[in-house]
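K.L.:
Take a look at the letters that make up each chain.
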Amino acid sequence: MDLKQLYQDIILEHGKSPRNLGKCEGYSHEAKGYNPLCGDKVHVYLKSDNEKKVESLTFEGEGCAISLASASIMTELIKGKSFEEAKEIMNAFLNMIKNTSEIRSNHLNEDQKTKLMSLSGVKQFPMRVKCATLSWHTLVSAIENKKEEINTEKLDK
Amino acid sequence: MKIENIKSQFPIFSKKINGKPLVYLDSSNSSQKPMCVINRLNDFYKNEFSNIGRSIHSLAINATNKFEETRTSVKNFINAKFKEEIIFTKNATEAINLVATTFGQQNIRKGDEIIITELEHHSNYVPWHFLRETRKAIIKFAPIDDDGDIVIEKLQKLITSKTKIIAVTHLSNVTGTIVPIKEIVEIAHKKNIPVLVDGCQGVPHIDVDVADLDCDFYAFSGHKVYGPTGVGILYAKKKWLERLPPYIGGGAMISEVKKDKIIYAPLPEKYEAGTMPTAEVITFNESIKFVQSIGMNNLMKHEKEITNYTLEKLRKINSVKIIGNPKNKAGVIAFTIKGIHPHDIATILDEDGVAIRAGHHCCQIFHEKMNLIATARASIGIYNTKDDIDMLCKAIENCRKIFDLK
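Line by line, the protein sequences are chains A and B.
For the first sequence, the positions run 326 to 482 when the working numbering is used.
For the second sequence, the positions run 258 to 663 when the working numbering is used.
Bear in mind the hints are in silico, worked out from the structure with no lab data behind them.
Everything numeric in this text was worked out from a predicted model, so none of it was measured.
Any given hint could turn out to be false.
[To be verified] Simulated crosslink set (BS3-like; lysine-lysine; CA at most 30 Å straight-line):
id, chain 1, residue 1, chain 2, residue 2
1, B, 259, B, 273
2, A, 448, B, 259
3, B, 573, A, 341
4, B, 626, A, 357
5, B, 264, B, 626
Could you put together the complete structure from these sequences and hints?
P.N.:
And the structure:
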């Protein structure tokens, strides 16, 4: 595995300057995620007045380049999507990371798919998969108004 | 034996990792194994295998003798007084659990205090935490300073009439701090408080003499001393092993079993229930011989030289920060690079064949104290050379390049 496939420019760039960092104004949903093995933390803030569409999506967090880039790309792609679409995209993302290496979603354009595909390299690094998936699990938790913090050690492997 | 030739005795170093020669800097986690150790394990299974203990046949007698030979070697290696003060467990963690459980059962009541330190590995905290849960004990943490040294005066001030035991590491697996155990034992014994030492990083890297330290318990693992996995050692003063209750019940740890009473076996069998890691314990003797053939003084001298070289080289790299600066430091070097998360460092270094560890190294208390989420850690073994350290530094430079650091 060529390392460049994992640390692609897009990941390094998002890792260094994550988009949508902070609390979005008037957020209606939030959830926390934690990876106790490496200490990565993420806090997702989502604004939706009608409980259907993600009007705004931001995050706060600390972690490695992979986890920050994944959260950053996620906020970019999910903003403007419906809750249902967001969940579908997350499933497509998890499926890419865990199984296929491709992304199958009707709710993303080619550019957006390319962006997400940049994270597919973690598949080769089992210890790093949770870095990439933490923010996505946390997003779903926010959408579903779950109170409990997401803990990567308690998720299905 | 010449230090320069040592690497060649470890067959793993002839393998390529990710197409590159292996630079192994994770010996604090576990050490690699020399050929003599690998051969011994193989030989025992091939030519000598039998369980130890009660069977009368020749193979069993031989295996029992060999098993006991290791016990004698360990006794001599750490300078214990009696052979039966050496108890085999599956690892140091189990050895500490053995003491926490049996000592706790007998001596810890509600409100009693246990002193540990902020340097401890989770394996010298969690077993005591069980006593906090089950027996309502109180755990007090002796603080460390910014250099990563335990502040002895502050530890001393934590001692009260309720203090029942002090448990402390010999050598930190994050900062490499060599803890002044003798001093702590003297303070504790003045108040009749026993001391347990987590010697996991001690035995592989410094000359350990339990008679001189005068500690009550000393735990370590064989796999960090160039030995096989599955072997832990608990040294305990005989008076404690005689006084404390048994830990695990089963075969071999009993001398008489009736429907209405059971008499436990004498030491050391009292603490060795069931089939032990027979082959691994027997093989561990070879690891001790390996270390003795190098000589502990030569080993320490070599590791000190490599450690100093590493520190000197790392300090020259921009944005690298070494965590802790203890008075007495062994070859465990935790560091951070500003702008790169330790997990990213470890993954990128691995691609260059450089194996380090990243994370909290089972020391979350330490990391929290230092306001760190994680660190990268390079740890040194007898086989490491200056070339390895040059490779480490080259890989770090590559890492900095990937992350575009100035």
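K.L.:
Would the pair residue 264 of chain B and residue 626 of chain B pass a check requiring their Cα atoms to be no farther apart than 30 Å?
P.N.:
37 Å, violated
K.L.:
Is the hinted pair residue 573 of chain B and residue 341 of chain A satisfied, with a Cα-Cα distance of at most 30 Å?
P.N.:
24 Å, holds
K.L.:
Does residue 273 of chain B sit within 30 Å of residue 259 of chain B, going by the straight-line distance between their CA atoms?
P.N.:
24 Å, holds
K.L.:
Straight-line Cα separation of residue 448 of chain A and residue 259 of chain B no greater than 30 Å?
P.N.:
Measuring from Cα to Cα gives roughly 43 Å; hence the hint is violated.
K.L.:
Do the alpha carbons of residue 626 of chain B and residue 357 of chain A lie within 30 Å of each other, as the hint requires?
P.N.:
23 Å, holds
Checked against the numbered hints listed earlier, the structure breaks hints 2, 5; every other hint is satisfied.
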